[in-house]
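With chain A held as given, fit chain B onto it using these hints.
Protein chains: 2
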Amino acid sequence: MGATGMCRAFYKKDGLAALLMDFQMANSSEVLDALLVQPTSTGHAIAFNYLVPNVKGLQNFFHVLDSASTKTSQAPPSPPPTPIESAEWPASNTSAQDPNAVPSRASSDINANLSKSNTTEISVFAAATEAFSKANLNCSIAESLERFRPILLQAKERNIRVRGYVSVALGCPYEGPKTDPRKVAEITSSLLEMGADEVSVADTTGMGTAPKTRELLKALSAAGIVNHDIALHFHDTYGQALVNTVVGLEHGIRIFDSSVGGLGGCPYSKGATGNVATEDLVYCLHSLGVKTGIDTQEMAKIGAWISEELGKSNETRAGKAILARLRS
Amino acid sequence: MGATGMCRAFYKKDGLAALLMDFQMANSSEVLDALLVQPTSTGHAIAFNYLVPNVKGLQNFFHVLDSASTKTSQAPPSPPPTPIESAEWPASNTSAQDPNAVPSRASSDINANLSKSNTTEISVFAAATEAFSKANLNCSIAESLERFRPILLQAKERNIRVRGYVSVALGCPYEGPKTDPRKVAEITSSLLEMGADEVSVADTTGMGTAPKTRELLKALSAAGIVNHDIALHFHDTYGQALVNTVVGLEHGIRIFDSSVGGLGGCPYSKGATGNVATEDLVYCLHSLGVKTGIDTQEMAKIGAWISEELGKSNETRAGKAILARLRS
Chain A
1 MGATGMCRAF YKKDGLAALL MDFQMANSSE VLDALLVQPT STGHAIAFNY LVPNVKGLQN
61 FFHVLDSAST KTSQAPPSPP PTPIESAEWP ASNTSAQDPN AVPSRASSDI NANLSKSNTT
121 EISVFAAATE AFSKANLNCS IAESLERFRP ILLQAKERNI RVRGYVSVAL GCPYEGPKTD
181 PRKVAEITSS LLEMGADEVS VADTTGMGTA PKTRELLKAL SAAGIVNHDI ALHFHDTYGQ
241 ALVNTVVGLE HGIRIFDSSV GGLGGCPYSK GATGNVATED LVYCLHSLGV KTGIDTQEMA
301 KIGAWISEEL GKSNETRAGK AILARLRS
Chain B
1 MGATGMCRAF YKKDGLAALL MDFQMANSSE VLDALLVQPT STGHAIAFNY LVPNVKGLQN
61 FFHVLDSAST KTSQAPPSPP PTPIESAEWP ASNTSAQDPN AVPSRASSDI NANLSKSNTT
121 EISVFAAATE AFSKANLNCS IAESLERFRP ILLQAKERNI RVRGYVSVAL GCPYEGPKTD
181 PRKVAEITSS LLEMGADEVS VADTTGMGTA PKTRELLKAL SAAGIVNHDI ALHFHDTYGQ
241 ALVNTVVGLE HGIRIFDSSV GGLGGCPYSK GATGNVATED LVYCLHSLGV KTGIDTQEMA
301 KIGAWISEEL GKSNETRAGK AILARLRS
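From first to last, the protein sequence lines are chains A and B. Numbering follows UniProt numbering, in which position 228 of the first sequence is assigned residue number 228; successive positions increment by one, without gaps. Numbering follows UniProt numbering, in which position 198 of the second sequence is assigned residue number 198; successive positions increment by one, without gaps.
Just chain A, same shape as in the assembly:
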């Protein structure tokens, strides 16, 4: 198991938004162990997500999972819920530009499979460019996919949910801003065919722009990939994350990754900032009439708190503005 643990939280008070809260952990085995032995008490379903780089990592993951299960005398985790809860999308006016362009069908269908239980899932990271794959995974894209195949197979045998990622989907620190959208679609398809429950298409460098996002989504659709198998993962490095999110919404995407306080980053993408801040994303979604069930004031407090705990600057505009208003 890698040194990075990821806690993926799904909120479902009034509906649900899929939210990623990524943070670096000293030892993710310990985190997994703690979470399994002492599950968090929350009214919301939370998916705890663990990066599994190879089969050895998966075996470690199973080992921790099984020992924790023995410790708590609990059965292994229940079959994972469908990962997203459906946010309530307004019948109209969801979109800033063209309300008719936003179908609410996908999320409603998924709604039927909702489960309220927390779950544990694993993630595998592919890259959209050979150079980034080499830097991040030390192998070619094709080799990385072959490495993932047994991981997905074994995970599915144990009924563990798998999330695939395609990094640098809208620009690469090594190969530049023009990642081939057809290549992204090809890798996404491969991951889905191997059994990934969902693929997060990631703008790791933040080089994504509205037209590029649109082109990528068109390429994914053209490859036969349906919207509810995809999540979009934006970094706000160049300030374009919310504009790109609106493009995604209009295309029918309903799962967006983010991190409170805009935490995160990527060691292989110099100057990369963290994910778009959950506070900014949720503020934007709410402004468009989406009901996520998230209390933005509490979210803003969490962002400020965890940023301080980690000694990082709180990179959310909405969160800071909400807190400033609370103080005034």
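Hints are computed from structural coordinates only; laboratory data are not their basis. The model shown is predicted, which means the values in this text are computed figures rather than measured ones. There may be inaccurate statements among the hints.
Each pair may be met inside one copy or between any two copies, as identical chains are not told apart.
Simulated crosslink set (DSS-like; lysine-lysine; CA at most 30 Å straight-line) [said to hold, decoys possible]:
no., residue 1, residue 2
1, Lys71, Lys312
2, Lys178, Lys301
3, Lys134, Lys301
4, Lys134, Lys71
5, Lys218, Lys291
6, Lys178, Lys291
7, Lys71, Lys218
Relative to the frame of chain A, chain B by itself:
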């Protein structure tokens, strides 16, 4: 003349974007004097904008203008150019959402009136809510408009360009987020009828959202106000400035205010941050295919430099990312 000087720069290398660079000055008479006696040398037309709160302020402004003119033995400033240069909007794909929704006609028509000379203009600030008008101007909205009438009359007699502003057009720190768009349209119309060359509709608090921006623009159009008489002025307090900009672009607005490094703020709007950063705005416009003629690397350097000079944090994501890439 107020204590706030504003330098409004219009770039026109490949076309033009109207950009506001607002910064607080210790003494704007001195700034005006210096600029008139020693004009900046630049290949671009620059409009230097001075806030004139009342007739007394206008008289002071004329006084400085006339003495500077005597000092330099130059004629008073030449007739002001049409304030915006026309950026080159792409024939298609301008918009992130619907390229067909973005007519390029307005800016092309304006193009015909281009002038390359620098100019000096004045600005008057109205507010869209009674509470903000009282706090900012110490009078009702109606009284403020009556105060502006002789200012505009005298400015027009001297052939000085006038820019009107309508503050808190998308949310007020005192009256809340729901400013009446019809009231904004009414005040905008009044300013234009008095002779304002252009009115900047300002989201002073940053409470503007995509649907609210859209509703406001519809109200302005419904009141018979044409797009090329309007500028949009967003603050990125809640991170929504670029999403709102895209809404404005799609409506056909072509003038957007911003400030390098996201400088600025508003003493009467607690927690308000500065204008949206020029770096972020220009990066977004360029991503949509707009040619502004602005060198984003140089712009990023300026933002970092002036932020440091003023001891303020550099509030641009794009600018900082561009500089990080330059250093790597």
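Each hint tested on the structure:
In the homo-oligomer, the alpha carbons of Lys71 and Lys312 never lie at most 30 Å apart, since the shortest distance is 35 Å inside one protomer and 53 Å across protomers. Within a single copy, Lys178 and Lys301 get their C-alpha atoms only as close as 37 Å, which misses the 30 Å cut-off; across copies the closest is 25 Å, which meets it. Taking the shortest Cα distances, Lys134 and Lys301 never come within 30 Å of each other, neither inside one copy (39 Å) nor across copies (33 Å). Neither within a single protomer nor between protomers do Lys134 and Lys71 lie at most 30 Å apart by alpha-carbon distance, with minima of 40 Å and 66 Å respectively.
When the C-alpha separation of Lys218 and Lys291 is checked against a cutoff of 30 Å, the pair qualifies both within a copy, at 26 Å, and between copies, at 25 Å. Within a single copy, Lys178 and Lys291 get their C-alpha atoms only as close as 34 Å, which misses the 30 Å cut-off; across copies the closest is 19 Å, which meets it. Proximity of Lys71 to Lys218 under the C-alpha cut-off of 30 Å is found in neither arrangement, the shortest distances being 48 Å within a copy and 62 Å between copies.
Hints 1, 3, 4 and 7 from the list above are not met by this structure, while the remaining hints are.
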